[in-house]
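Chemist: Next come the chains, spelled out residue by residue.
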Amino acid sequence: MSRRTDREKYALPRGVFALIQGVFLVSLTIIILVPLVAIFIGTFQDGNAVIRNGITFDINWSELSLDNYVMLFTDSGPYFRWFFNSLVLTVVQVAGTLLVSSFVAYGFAMYDFPGKNAAFISVLLLMTVPFEMMMLPLYVLVNDFGLADTYAVIVIPFLAAAVTIFFFRQYFLGIPKELLEAGRVDGVTEFGIFFKLVLPISKPAIAAMAILNGMIIWNNFLWPLLVLRSPEKFTLPIGLNTLLTPHENNYELLIIGAFFSVIPILALYLAFQRFFVSGMTAGALKG
Amino acid sequence: MKKLLYSQRLAPYLFIAPFLITLAAFWAIPLGRAFIMSTQEVLYGEATFIGLANYERLWNDNVFWRAMYNSVRYMVLTLILLIPIPMALAALINTRLGSERIKSFFKASMFVPALTSVVVAGIIFRLMFSETESGLINQVIGIVDLGPVRWLREDIPGLIALLALAMWRYTGVNIMYFIAGMQSIPSEYYEAASIDGASKIQQFFRITIPNLKPTIVYVTTISIYGGLAMFLESFMLYAGNSSPNNQGLTLIGYLYRKGIEENDLGFASAVGVVILVVIMTINITNLSFSGTFRKESAR
Numbered sequence: 001m002s003r004r005t006d007r008e009k010y011a012l013p014r015g016v017f018a019l020i021q022g023v024f025l026v027s028l029t030i031i032i033l034v035p036l037v038a039i040f041i042g043t044f045q046d047g048n049a050v051i052r053n054g055i056t057f058d059i060n061w062s063e064l065s066l067d068n069y070v071m072l073f074t075d076s077g078p079y080f081r082w083f084f085n086s087l088v089l090t091v092v093q094v095a096g097t098l099l100v101s102s103f104v105a106y107g108f109a110m111y112d113f114p115g116k117n118a119a120f121i122s123v124l125l126l127m128t129v130p131f132e133m134m135m136l137p138l139y140v141l142v143n144d145f146g147l148a149d150t151y152a153v154i155v156i157p158f159l160a161a162a163v164t165i166f167f168f169r170q171y172f173l174g175i176p177k178e179l180l181e182a183g184r185v186d187g188v189t190e191f192g193i194f195f196k197l198v199l200p201i202s203k204p205a206i207a208a209m210a211i212l213n214g215m216i217i218w219n220n221f222l223w224p225l226l227v228l229r230s231p232e233k234f235t236l237p238i239g240l241n242t243l244l245t246p247h248e249n250n251y252e253l254l255i256i257g258a259f260f261s262v263i264p265i266l267a268l269y270l271a272f273q274r275f276f277v278s279g280m281t282a283g284a285l286k287g
Numbered sequence: 001m002k003k004l005l006y007s008q009r010l011a012p013y014l015f016i017a018p019f020l021i022t023l024a025a026f027w028a029i030p031l032g033r034a035f036i037m038s039t040q041e042v043l044y045g046e047a048t049f050i051g052l053a054n055y056e057r058l059w060n061d062n063v064f065w066r067a068m069y070n071s072v073r074y075m076v077l078t079l080i081l082l083i084p085i086p087m088a089l090a091a092l093i094n095t096r097l098g099s100e101r102i103k104s105f106f107k108a109s110m111f112v113p114a115l116t117s118v119v120v121a122g123i124i125f126r127l128m129f130s131e132t133e134s135g136l137i138n139q140v141i142g143i144v145d146l147g148p149v150r151w152l153r154e155d156i157p158g159l160i161a162l163l164a165l166a167m168w169r170y171t172g173v174n175i176m177y178f179i180a181g182m183q184s185i186p187s188e189y190y191e192a193a194s195i196d197g198a199s200k201i202q203q204f205f206r207i208t209i210p211n212l213k214p215t216i217v218y219v220t221t222i223s224i225y226g227g228l229a230m231f232l233e234s235f236m237l238y239a240g241n242s243s244p245n246n247q248g249l250t251l252i253g254y255l256y257r258k259g260i261e262e263n264d265l266g267f268a269s270a271v272g273v274v275i276l277v278v279i280m281t282i283n284i285t286n287l288s289f290s291g292t293f294r295k296e297s298a299r
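Protein sequence lines, in the order shown, are assigned to chains A and B.
Numbering of the first sequence is given in full-length UniProt numbering, commencing with residue 1 and proceeding in unit increments.
Numbering of the second sequence is given in full-length UniProt numbering, commencing with residue 1 and proceeding in unit increments.
Extracted from the complex, chain A is given alone in its bound form (with noise of 0.2 Å):
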């Protein structure tokens, strides 16, 4: 009882412990912010001047002007094709990568099958596996095919994606068998039980993937970086990375198309942030 008095005694009281843990925070979390808030105040700057002296503190107020804006929706060359690239691309790969590895999933987490036990120690081995590692020999094979510069060689390789996999089989399981029974009773094929009573009620699931799966392929650089050639198919991250060079005189749109290409993502998130942290925390992500 003693030493709970001392250190009643000793402690700080709640309202001031409160109060710098809020300081605190609210310091961390402006610090964060630094980075997006620099390059949003450099859209409005002339962008070889940042290039040259970096995102700096020291902002001439009366020099920020819309100019790059206008540029942006006047005179941005190949940006909004990138940007358009990229949004087919992302829709097209989410879709694809939720259809094809629910699928996959509900194999795993509704039958007993020889041979599963091999096959679902692959799915976990391929989970951890960074990209990095296969990008050469996925390169090789992927010149050998002549299959370069085609959007199919990004697609098709992720489409039974291991985390994703991983992240509705683990939902399928939580679903009573008494359903698959009751279709079966009634003379649905095993495939439609899939399509037509699983899926539908695995709304939240597809959600969280959709969200997390979209995030990752519309920042998806390395292996597009690796593949595309011709400009006109060039996604966001690509075209962006094409502009930071020495060379380049176009630096105010590297600047301003930087910071437009979070925007869509920013959105997505305001909009649905529980479904990425469910998706975030529930599956595995890559660090």
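Just so you know, the hints here were simulated from the structure itself, not pulled from any lab data.
On a predicted model such as this, the values are computed, not experimentally measured, just so you know.
Do not take every clue at face value.
What the hints assert, rightly or not - Calculated cross-link-like contacts (lysine-lysine; reagent style DSS-like; alpha-carbon spacing at most 25 Å):
1. 196/A x 3/B
2. 107/B x 213/B
3. 177/A x 3/B
4. 213/B x 103/B
5. 3/B x 116/A
6. 177/A x 116/A
7. 200/B x 213/B
8. 177/A x 203/A
9. 200/B x 103/B
Given chain A's structure and the hints, the job is docking chain B onto it.
Modeler: Relative to chain A, chain B alone:
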């Protein structure tokens, strides 16, 4: 045909077929070829068997060891920076002080950096760590009369910039993992502890940390892979794969240089095989230690 659609014995194989095809076509076969190519000299599509000569060359290549050193150093430092700090921050955010809305506001803002692509994050950090006196980071350290530092031209400053980028992007992600882990700890544990007179700090070390073990193991695992496989952060920060004295070159950067930039496929395959063996050894050790294999086969 109709019978096939109803067969419960055949169905699972059809369901997992896309995965098996992916595994064979895009993992097993390319990997098998990489093993074979690692014993060959590949010139203009002509392959000659040269035994282990590529591996010998690799062993004697100082640039490879520099890349290995850079990757391991980065991985160890990210483990030190990106596990204890996010864990403490998660505990700080996850207290009962303040409302749910305040809690989710902090969680949400700290996660925002993870939404940016590595390209955008790299561009921003390259500009913040500009070597000019007016660069943002040089301005900050200028307050205490340090610098200006030529960030990306020197080894340790370059490493600091890289770690700052990693911390910026992943602190929020790891906080999210830890908060999820903390929320799964029954609150009775804490109530019992505070009745017994345990302070918040004691509760953190005696209750939170032991019960977070699965999350800690998971975050450690992905941080090891992520650290050893780091490439793009460096690639963007240095605006390409070359840096002064290879100070920013990582294992994957070396693989990229040999395989893709120099098209030395035999030798690069040997690099890839070595990296893969290192990673898979850690992977399998980790999965068997954490009991994942046993758990999954018991189902």
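Chemist: Now, for every hint given, state plainly whether the structure supports it.
Modeler: Outcome of the hint check:
1. Under the criterion of a C-alpha separation no larger than 25 Å, the hint pairing residue 196/A with residue 3/B is consistent with the structure, at around 19 Å.
2. About 21 Å separates the Cα atoms of residue 107/B and residue 213/B, which keeps this hinted pair within 25 Å; it holds.
3. Pair hint residue 177/A plus residue 3/B holds up; C-alpha atoms about 22 Å apart against a cutoff of 25 Å.
4. About 23 Å separates the Cα atoms of residue 213/B and residue 103/B, which keeps this hinted pair within 25 Å; it holds.
5. This hinted pair checks out: residue 3/B and residue 116/A have alpha carbons roughly 23 Å apart, not beyond 25 Å.
6. Proposed proximity of residue 177/A and residue 116/A is supported: the alpha carbons are some 18 Å apart, at most 25 Å.
7. Restraint check for residue 200/B and residue 213/B: satisfied, since their Cα atoms lie roughly 19 Å apart, inside the 25 Å limit.
8. Among the hinted pairs, residue 177/A with residue 203/A is consistent with the structure: their alpha-carbon atoms are about 18 Å apart, no more than 25 Å.
9. A threshold of 25 Å between alpha carbons decides the hint, and for residue 200/B with residue 103/B the separation of about 18 Å falls inside it, so the pair holds.
In summary, the structure agrees with every hint in the numbered list given earlier.
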